[in-house]
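If you want the building blocks of each chain, they are given just below.
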Amino acid sequence: MADLVAILTSAVVLGSIYGLVAIGMTLIYGILRVLDMSQGSMVMAGSFVGWAILSSAGWNPVVAMVVAFVLTFALGAVTQLISVQPLLGRGGFDFEMITFITTFAVAIVIQNVALEVFGPRQKGVPPVFDGTVEVYSGVFLPYQSIAMALVSVGLMALLGLFLARSRWGMAIRAVAQDLDAARLMTVPIRRMFPLVMGLASALAGIGGVFLGGLYFASPSAQTTCTCSLGSSREKKKKRYPFSLRTVGLIFF
Amino acid sequence: MTEPVLDVRGLFAGYGETTVIRGVDLDVHPGETVVLIGPNGHGKTTLLRTISGLIQPSAGEIRLDGVRVDRRRAEELGGLGLVHIPQGDHLFPELTVEENLLMGAFPRASWRRRREALAQAYELFPQLRERRGQRARTLSGGERRQVALARGLMREARLLLVDEPSLGLAPVLIDAVYAAVRRVAEAGTTILLVEENFTYIGEIADRVCVLEMGRIVRTGSLDELLADRTVAESYLGVL
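Protein sequence lines correspond, in order, to chains A and B.
With this note's numbering, letter number 201 in the first sequence gets 808, and the count goes up by one each step, no holes.
With this note's numbering, letter number 114 in the second sequence gets 152, and the count goes up by one each step, no holes.
Quick caveat, the hints were computed from the structure, so don't treat them as lab data.
Computed from a predicted structure; not experimentally measured.
By construction, the Cβ of each residue, glycine as well, lies at the ideal position given by its N, Cα and C atoms.
Residues from chain B shown here face chain A by an in silico Cβ test under 8 Å; the list is partial:
id, residue
1, Gly54
2, Leu133
3, Leu140
Kindly generate the complete structure, drawing on both the sequences and the hints.
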């Protein structure tokens with residue numbers, strides 16, 4: 608019984624954080640039709656922000672999350688501007704395949720910058736919150752994990768609320784459903800795309816702060832993360848074109 | 039004469055290597071309803087899509103109230119008072135009827151008056167009030183067309199482009215759709231409407247242009263065109 612509780616709690620905690628990262632990817636795919644391979648490197652970047660801020664004494668976990676959010680938001684928006692935006696509206700090639708490659712290229716660049724700056728060794732990120740609580744006889748749940756689940760569920764709820772209720776949230780859903788019609792409704796898609804990719808990346812960045820605490824911060828974290836995300840999306844929905852499915856096979 | 043709301047000069051446009059619009063000249067004056075008529079595949083829809091900025095023209099000029107707009111994108115042109123009700127409705131299938139309508143009021147200025155605009159839309163199409171919470175994809179063809187029209191009327195239009203509002207509807211529904219268009223026209227809105235034939239436009243057309251092979255080949259009042267042998271021969275079959 609204790610084992611079951613332990614497995615269940617850690618599954619819920621991990622699932623919530625993966626969900627946070629994956630939801631960003633879904634958002635980007637839904638709106639831009641881009642399978643964003645840079646999403647994993649945002650997790651990695653977030654974990655390094657966590658390491659840099661949390662390992663220097665006196666830094667507040669909220670500061671770590673805010674900095675990770677801002678930094679990965681900017682990184683995501685820039686990624687969109689250099690790897691996707693220039694390809695918009697140009698015919699004559701497979702948009703999904705090409706942007707898969709260009710975002711992957713950005714991911715490689717980010718990974719190697721991290722490698723150059725922080726070195727190849729894994730960094731232990733101190734937990735955002737210290738201490739544990741006994742949830743069942745012999746099963747201890749770190750405060751870190753509870754915070755992780757709460758923050759990611761909270762962020763998902765906020766995102767859901769934003770998409771469901773706000774003017775811009777509605778516009779984002781509209782763009783995903785009919786791009787031309789959304790343009791006729793004067794939705795400024797060229798400004799919206801980088802912001803959406805920034806937002807999705809920022810969610811991944813916050814996920815990274817926590818995941819870094821759970822595992823390590825390491826430049827190669829990006830590859831593992833993107834690959835598992837890519838293939839899980841692949842299984843969930845069957846309506847992707849052949850090119851994406853092939854890519855899923857190559858990577859896994 | 040007053041300055042035209044829409045002034046198109048020597049317009050060429052198409053898709054990739056294919057040129058569809060081959061030198062169109064067209065003007066629409068304030069308060070006027072101009073109907074663009076022509077056979078399938080001769081460029082009516084392409085012309086509207088070019089005017090509203092969904093397609094970039096390869097040559098020629100488009101002016102909206104005297105301002106060159108042929109290099110502007112659709113999302114900017116909407117802000118200048120151009121409203122385009124596209125062919126085939128282009129509703130947002132997973133949004134509710136009300137959300138679809140609200141998207142019509144997306145520009146900030148219209149958004150502030152969205153409640154009044156919604157009330158007006160429901161007054162014009164009472165059926166939509168009952169369906170307000172329903173997703174657009176669950177509607178019937180007639181209801182969809184109503185949503186498309188109502189969505190186009192959610193913000194103030196300097197120029198309203200309507201693409202084949204009768205397409206795929208039963209005659210009784212077409213009458214209702216045209217009654218709505220006529221009310222909008224009578225309220226003083228400038229309209230450029232596309233239709234395949236003369237059947238339904240009798241009561242609304244101030245002027246009719248015939249578009250064939252990407253060119254405007256005839257312009258005149260409905261009566262003038264119907265008196266013209268060549269035009270009558272091509273289009274009388276449907277009268």
